[in-house]
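**Q** Quick note, the sequences are listed as chains F and H, same order. Quick note on numbering: the first sequence equals residues 13 to 458 in the working numbering. Quick note on numbering: the second sequence equals residues 13 to 458 in the working numbering.
Calculated directly from the structure, the hints in this document are not laboratory data. Please note that the accuracy of each hint is not assured.
It does not matter which identical chain is used: a pair holds within one copy or between any two.
[What the hints assert, rightly or not] List time: in silico DMTMM-like cross-link candidates among lysine to aspartate or glutamate, alpha-carbon distance up to 25 Å:
#1 112 - 83
#2 414 - 365
#3 112 - 169
#4 435 - 343
#5 180 - 197
#6 97 - 109
#7 132 - 105
#8 260 - 299
#9 132 - 109
#10 431 - 365
#11 136 - 109
Protein chains: 2
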Amino acid sequence: MKLMYSAVSKEFINSGVNIKCATTTQERIIKSIFSKKASNMLGFLDLPNMQKDEIEKYKTMGSEIRKKYKDMIVLGIGGSALGIKMLKNTFFDSINETPKCNVRVCDNIDSDTFITMLSKLNLKKTMFNVITKSGSTSETLAQMMIVLNRLKAKKLDISKHFVITTTKGNALYNFAVENNIPTCEIPESVGGRFSVLSAVGLLPASVMGIDIEKMLAGGRQGLSIASRLDEKNIPFTTAYINYQYLSKGRVNFVTMPYSDRLALVPEFFAQLWGESLGKKHNLKGEEVYAGQTPIKSLGVTDQHSQLQLYTEGVDDKIIMFMTVDKNAYDEVISEEIAITKHLTGTSLKTLLDYEYISTAYSLAEVNRPSYTISLPCICEESIGELIVFMEMMTAFMGSMLKVDAFDQPGVELSKIYTKGCLKMKGYEKYGENIRKFKKVSSKFSL
Amino acid sequence: MKLMYSAVSKEFINSGVNIKCATTTQERIIKSIFSKKASNMLGFLDLPNMQKDEIEKYKTMGSEIRKKYKDMIVLGIGGSALGIKMLKNTFFDSINETPKCNVRVCDNIDSDTFITMLSKLNLKKTMFNVITKSGSTSETLAQMMIVLNRLKAKKLDISKHFVITTTKGNALYNFAVENNIPTCEIPESVGGRFSVLSAVGLLPASVMGIDIEKMLAGGRQGLSIASRLDEKNIPFTTAYINYQYLSKGRVNFVTMPYSDRLALVPEFFAQLWGESLGKKHNLKGEEVYAGQTPIKSLGVTDQHSQLQLYTEGVDDKIIMFMTVDKNAYDEVISEEIAITKHLTGTSLKTLLDYEYISTAYSLAEVNRPSYTISLPCICEESIGELIVFMEMMTAFMGSMLKVDAFDQPGVELSKIYTKGCLKMKGYEKYGENIRKFKKVSSKFSL
Numbered sequence: 013m014k015l016m017y018s019a020v021s022k023e024f025i026n027s028g029v030n031i032k033c034a035t036t037t038q039e040r041i042i043k044s045i046f047s048k049k050a051s052n053m054l055g056f057l058d059l060p061n062m063q064k065d066e067i068e069k070y071k072t073m074g075s076e077i078r079k080k081y082k083d084m085i086v087l088g089i090g091g092s093a094l095g096i097k098m099l100k101n102t103f104f105d106s107i108n109e110t111p112k113c114n115v116r117v118c119d120n121i122d123s124d125t126f127i128t129m130l131s132k133l134n135l136k137k138t139m140f141n142v143i144t145k146s147g148s149t150s151e152t153l154a155q156m157m158i159v160l161n162r163l164k165a166k167k168l169d170i171s172k173h174f175v176i177t178t179t180k181g182n183a184l185y186n187f188a189v190e191n192n193i194p195t196c197e198i199p200e201s202v203g204g205r206f207s208v209l210s211a212v213g214l215l216p217a218s219v220m221g222i223d224i225e226k227m228l229a230g231g232r233q234g235l236s237i238a239s240r241l242d243e244k245n246i247p248f249t250t251a252y253i254n255y256q257y258l259s260k261g262r263v264n265f266v267t268m269p270y271s272d273r274l275a276l277v278p279e280f281f282a283q284l285w286g287e288s289l290g291k292k293h294n295l296k297g298e299e300v301y302a303g304q305t306p307i308k309s310l311g312v313t314d315q316h317s318q319l320q321l322y323t324e325g326v327d328d329k330i331i332m333f334m335t336v337d338k339n340a341y342d343e344v345i346s347e348e349i350a351i352t353k354h355l356t357g358t359s360l361k362t363l364l365d366y367e368y369i370s371t372a373y374s375l376a377e378v379n380r381p382s383y384t385i386s387l388p389c390i391c392e393e394s395i396g397e398l399i400v401f402m403e404m405m406t407a408f409m410g411s412m413l414k415v416d417a418f419d420q421p422g423v424e425l426s427k428i429y430t431k432g433c434l435k436m437k438g439y440e441k442y443g444e445n446i447r448k449f450k451k452v453s454s455k456f457s458l
Numbered sequence: 013m014k015l016m017y018s019a020v021s022k023e024f025i026n027s028g029v030n031i032k033c034a035t036t037t038q039e040r041i042i043k044s045i046f047s048k049k050a051s052n053m054l055g056f057l058d059l060p061n062m063q064k065d066e067i068e069k070y071k072t073m074g075s076e077i078r079k080k081y082k083d084m085i086v087l088g089i090g091g092s093a094l095g096i097k098m099l100k101n102t103f104f105d106s107i108n109e110t111p112k113c114n115v116r117v118c119d120n121i122d123s124d125t126f127i128t129m130l131s132k133l134n135l136k137k138t139m140f141n142v143i144t145k146s147g148s149t150s151e152t153l154a155q156m157m158i159v160l161n162r163l164k165a166k167k168l169d170i171s172k173h174f175v176i177t178t179t180k181g182n183a184l185y186n187f188a189v190e191n192n193i194p195t196c197e198i199p200e201s202v203g204g205r206f207s208v209l210s211a212v213g214l215l216p217a218s219v220m221g222i223d224i225e226k227m228l229a230g231g232r233q234g235l236s237i238a239s240r241l242d243e244k245n246i247p248f249t250t251a252y253i254n255y256q257y258l259s260k261g262r263v264n265f266v267t268m269p270y271s272d273r274l275a276l277v278p279e280f281f282a283q284l285w286g287e288s289l290g291k292k293h294n295l296k297g298e299e300v301y302a303g304q305t306p307i308k309s310l311g312v313t314d315q316h317s318q319l320q321l322y323t324e325g326v327d328d329k330i331i332m333f334m335t336v337d338k339n340a341y342d343e344v345i346s347e348e349i350a351i352t353k354h355l356t357g358t359s360l361k362t363l364l365d366y367e368y369i370s371t372a373y374s375l376a377e378v379n380r381p382s383y384t385i386s387l388p389c390i391c392e393e394s395i396g397e398l399i400v401f402m403e404m405m406t407a408f409m410g411s412m413l414k415v416d417a418f419d420q421p422g423v424e425l426s427k428i429y430t431k432g433c434l435k436m437k438g439y440e441k442y443g444e445n446i447r448k449f450k451k452v453s454s455k456f457s458l
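Bound-form chain F, shown alone (with noise of 0.2 Å):
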């Protein structure tokens, strides 16, 4: 993995923006990560080195199941749900490729969707991945009620047809073993956005067909950058300019790859920097309301949609471009037509290169600050490294901006309105709050 972040040119060299932090400030922040003092939240830092027994757990029983089932549905939402949805894209969606056993992430509850889906499996031949840290997610429990009671609507063995993916000892961990439905652990020290690298991703992963042995590799390769103590440390650097560039004003950072197989990291992405930046306190118990709101972006479609903005709207944005040096695929524009010989003897990928360089460029003339990470080709190493360099990268921002990285108490109170609807015992008066906020809503609809 590279960074170029001259690409901001005018704007990076004019605008006090540096690249070297601080050395002691650098030192610190790294330390104190490294060292697991910054939060009791940082177990996703041991997940590329763990042991051979767990690695091949999840081999075995990805290939088990690639056997046995023709499909395998995932219900998790969030962190349980995201990076397996962007392994998904990178692997096979994008270049038209199925897994033989498909693996599909069902991550919100329409009806709709969730019914039409069911009803087109052949549940037989259909393994259900539960997949919640908490195990007590209602999105993701609502719909394992809804596969049960088909499962025994047909008479199917459960613990043939569910792997339970949860922290040890919770309720829904004990129903698992109590039948014998198989369990994958969840180490409670791994928060559900940063867990990609746990059972969460590397079962799914396995069952694919992704090597995920390289991809540990990958995040090793990540982790030995993202401990480095000067300005090659990538994610450092890139958070710092982030950083700097937000006490500016730069209150909106844009995903943008040049890279159909990158199409979904910029939304997995977006939980991280998202969830674990914005918050009202800092560590002080001040109010601070911090973050940086990320903004999903791909090129070259988006050039045709989003670049006219941040080319001339709003001056209040820093893109970070992704670029793959090298396809697996290619063809050079042979065929021409009359208006098309400005294009003849360029090829597909070069013609996105170009595109790239060209918005990246543009984008500086006019003083829009741009970086770009770019991979040296799509594998399970790179993609491994990629996944640690954007949690390191908002691990150190949350230090840079001295928040908790790793909570997420803004989403209690909708968690805790929902319970009231459902009339949980104990929450009867939030549910009231909502009946009055209806009537009141009814009075100013149109």
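Fit chain H to the supplied structure of chain F, relying on the hints for placement.
**A** Using the frame of chain F, we list chain H on its own:
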């Protein structure tokens, strides 16, 4: 379609944001748009009332293609892609259906995706719909040349495998005529991002089996609402709410449907809103750097990703929720285990509704403004109405911001540099700039 704006609750009521525009201003803006004095690019207002014979043409072509071909590949980007992708998702993908003739949109030039897709097609049974208003979009023409090469290699009659949708009389149109390739026309006065209800969207919709007459009827309903001179003009009211919030510093605009079937609506809307309003100059030529950054979201999925940031991060957003009153499929949760008793007896759709209202309320509690657009159901009429709503809201917002909502000058620079890279005559100096830029870049890379 209904608008519920009380979800903004305290913030809305106390913030000085009104829903009623001064009547004279509203009248002036609406009249200048509907009389087409505001711009010569307002042809999209006529599309829902197009001639019967034009509708018949798309219906007939659509049904013939559906009978004869297994796949129709759309080669197009931006406005020539996003509407079609949205319709495909709304009426097929989101409910796990595949059209009899499968319409797929290629809106990127990543060779890994494009080449692998081509090699999996049975070209004999494949139609290619090339869509580009100017007839000169490099990405689309590059794709077309590669396809042309493959068709010739297989000795297939190109007039049987292409339909070209473009402006009458341009070079691509003339190429089609010379080669007996059927054509569909995009009126000069219809901009790309406002073109989904022209041949651009109607032919692919018709091929998929979507009832285009009903969709246009929905569009007429949308126009009728948009021409009202009171606050029941929903697109005007929402534009005005956004205009006021933007002037108070809410620079980000989140679109968050609680429906998988509307999951690509934010993507479609992001082009309309971003490319139309993100402008350096206003109509007087003054530097304004106008616009509001569109942010794509999905409920409930993004409650587990972006809600934390929306609730606690920088307070610079306004949220437009979208809901659907009635789903086509639903199921009551009847199974239970120890930890799911609170869910028993609730249907999946009801749970979705609870989560939406709880999220809207919890945001209102912390004074983060939102409003909700609700559709009675998903059908051709409601989607046609929604499309016109989004177009009109954008046009009205353009008038309020006093910018030209129908051009995109900011993307020209990037196109010019790409031509420089391609060594097109007259663009040599731009190529030289890029080479210098690359040299500086490599100096600054890690």
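**Q** Decide, hint by hint, whether the structure agrees.
**A** Quick rundown of the hints versus the structure:
no., hint, in the structure
1, 112 - 83, "both (8 Å within a copy, 23 Å between copies)"
2, 414 - 365, "neither (38 Å within a copy, 36 Å between copies)"
3, 112 - 169, "within (23 Å within a copy, 36 Å between copies)"
4, 435 - 343, "between (60 Å within a copy, 19 Å between copies)"
5, 180 - 197, "within (6 Å within a copy, 62 Å between copies)"
6, 97 - 109, "both (14 Å within a copy, 20 Å between copies)"
7, 132 - 105, "both (20 Å within a copy, 13 Å between copies)"
8, 260 - 299, "both (19 Å within a copy, 21 Å between copies)"
9, 132 - 109, "both (20 Å within a copy, 10 Å between copies)"
10, 431 - 365, "between (50 Å within a copy, 12 Å between copies)"
11, 136 - 109, "both (24 Å within a copy, 21 Å between copies)"
In this structure, only the earlier hint numbered 2 is contradicted, and the remaining ones agree with it.
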